[in-house]
Amino acid sequence: MSSNLKVNTILPSTGTAIGIGTDSGNIDILGHIVGHNTPNISGINSVTASHFYGDGSQLSGIDASTLKFGGATKAQANAAGVVVTGILTATSFSGDGSNLTGLSTPLSFRNLIINGAMQVAQRSTSAVNVPGGKTVTDVDRFGQWTKVSEGGWKTGQQVADAPAGFKYSRKITSSAANTVASGSYHTVRYAVEGFDAAQLNCGNSSAKTVTLSFYVKSSITGNFGLNFTNSANNRSYPVVYTITGNDWEQKTITLTLDTSGTWLTDSSVGLEINWKLALGSNYDSSDPNQWQNNWRFPENTVNLLATNGATFQLTGVQLEVGSQATTFEHRSIGEELSRCQRYFISGKAAIGSVYNGEAGNQQQGVYVTYPVIMRANPSITFPINHDTLNVTNVDYTQFESTTGFSYRVNLLANGNYKRQSTYNASSEI
Amino acid sequence: MSYTYQKILDPAEGERTDVIRRKEDNAIIPFDPDNIDYQDYLSWLAEGNEPEEAG
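If you're matching them up, the sequences are chains A and B in order. Counting from 13, one number per residue, gives the positions in the first sequence under this note's numbering. Counting from 8, one number per residue, gives the positions in the second sequence under this note's numbering.
Calculated from the structure, these hints are not laboratory results. Fair warning: there could be bad hints in the mix.
Stated by the list, open to error - Computed cross-link-like contacts, DSBU-like style, restricted to lysine-lysine with a CA-CA straight-line distance of at most 30 Å:
hint : chain 1 : residue 1 : chain 2 : residue 2
1    : A       : Lys430    : B       : Lys14
2    : B       : Lys14     : A       : Lys159
3    : B       : Lys14     : B       : Lys30
4    : A       : Lys360    : B       : Lys14
5    : A       : Lys360    : B       : Lys30
6    : A       : Lys430    : B       : Lys30
7    : A       : Lys360    : A       : Lys430
8    : A       : Lys159    : A       : Lys146
9    : A       : Lys146    : B       : Lys14
Claimed, not checked - If you anchor each label on the Cβ, the simulated ranges turn out as follows:
hint : chain 1 : residue 1 : chain 2 : residue 2 : range
10   : B       : Asp32     : A       : Ser350    : 21 to 27 Å
11   : A       : Gln262    : B       : Pro18     : 33 to 39 Å
12   : A       : His342    : B       : Gly21     : 47 to 53 Å
13   : A       : Ser231    : B       : Gln46     : 21 to 27 Å
14   : B       : Leu52     : A       : Gly292    : 27 to 33 Å
15   : B       : Gly21     : A       : Ser350    : 34 to 40 Å
Quantities reported herein were computed from a predicted structural model and do not represent experimental measurements. Note that the Cβ used here is the ideal one computed from N, Cα and C, for glycine as well.
Start from the sequences and build out the full structure, keeping to the hints where you can.
In structure tokens:
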């Protein structure tokens, strides 16, 4: 038996509520529940539905800290941020990436230092007695500034002793227990070319913050000094760093570059870094960690060359924009060599043929092309002769330029002739 | 190290006016203002020194 009750309106007997159904029974609704004005539904423990519609902006008490897919958590929020498990895909990222770690592809071209891993040593791989002046004697690009009258105080050499991840370092060894006078100066010197330093905005209010990092090892412990300086060496920023034992230690120095002074942005010296080996009191500063006039270093720091046999080793040198020292940017030996050759090239020059002319002072020449265009028209020497026959006025040059030179000889007699020499072309700064 | 200098005689073209020889290491130094060896040579001249004639 079935029956239907149809009425227009159901009104409560008292109050405003109407009871429908029982404690355990259901109310089956075949159509829609339609509210009028702003009806509320409350006191319901759970709602099951296939869809929800409407504005959810007023929902509260929802735990959105976890996003799952297939039962697995893909994003978990915590007090520090959000941890994403899996691949995070986005059309763009913004913000400071200085704390990114574990990058499989390191950012390139951030190290302003050439040959920072001391891989290239075109001049010599054995110990060289360092003369006076601004010189480079062994490892490319890493030279020294030595008081002219105090040449011979030290040797420089590329050695196969380095921290993990490196093969070579540059080693300075003191040749005697030298007496450091007030005017003595001995540093390991690196000069960044002005074209490369231009991005740093030195001498302007927008001068950038940079970070220098390097590995150092010394037979002497204590406070050591270095400075950053301009080409005229009339502005400097002295810094103290500490070596605690005769083992490799990494040092990191962050500073904002100079907002005044004259800083060159051409093929001259743009920025110079000097690691103190021995300096007289004339160059002392009691105000480290700030820009100041003149070429100054922190006072009361180690004079390494005052101790016979003392050693100082350096490698993994990196100078980069920003306040964080990132992992050292290793470059291939080929790329590093090519960069070094802008400043120094050691190559072979050879000439030879069968000469069938009249015997006498006839001139012959061939053009030697440098593998890279050099910084400036270089000075040329011929330190080693490998082969010579029937020639005179040997090893002279013409048409010297940044791209090469004409290697010339004069012939002695009719017949075969040859000449082969090692040439060194130097346009160091 | 103190250097001394000598003019260069080109066997074919006579005395060179665009390079100088540094005697201690026979470096041929071009008269390029950006070459630091040339800058040192200019400083040496400024001290009143004169290079040797070509030999």
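Now the hints, each set against the structure:
{"no.": "1", "hint": "A:Lys430 to B:Lys14", "in the structure": "26 Å, holds"}
{"no.": "2", "hint": "B:Lys14 to A:Lys159", "in the structure": "27 Å, holds"}
{"no.": "3", "hint": "B:Lys14 to B:Lys30", "in the structure": "10 Å, holds"}
{"no.": "4", "hint": "A:Lys360 to B:Lys14", "in the structure": "25 Å, holds"}
{"no.": "5", "hint": "A:Lys360 to B:Lys30", "in the structure": "22 Å, holds"}
{"no.": "6", "hint": "A:Lys430 to B:Lys30", "in the structure": "25 Å, holds"}
{"no.": "7", "hint": "A:Lys360 to A:Lys430", "in the structure": "13 Å, holds"}
{"no.": "8", "hint": "A:Lys159 to A:Lys146", "in the structure": "9 Å, holds"}
{"no.": "9", "hint": "A:Lys146 to B:Lys14", "in the structure": "24 Å, holds"}
{"no.": "10", "hint": "B:Asp32 to A:Ser350: 21 to 27 Å", "in the structure": "25 Å, holds"}
{"no.": "11", "hint": "A:Gln262 to B:Pro18: 33 to 39 Å", "in the structure": "56 Å, violated"}
{"no.": "12", "hint": "A:His342 to B:Gly21: 47 to 53 Å", "in the structure": "51 Å, holds"}
{"no.": "13", "hint": "A:Ser231 to B:Gln46: 21 to 27 Å", "in the structure": "36 Å, violated"}
{"no.": "14", "hint": "B:Leu52 to A:Gly292: 27 to 33 Å", "in the structure": "29 Å, holds"}
{"no.": "15", "hint": "B:Gly21 to A:Ser350: 34 to 40 Å", "in the structure": "37 Å, holds"}
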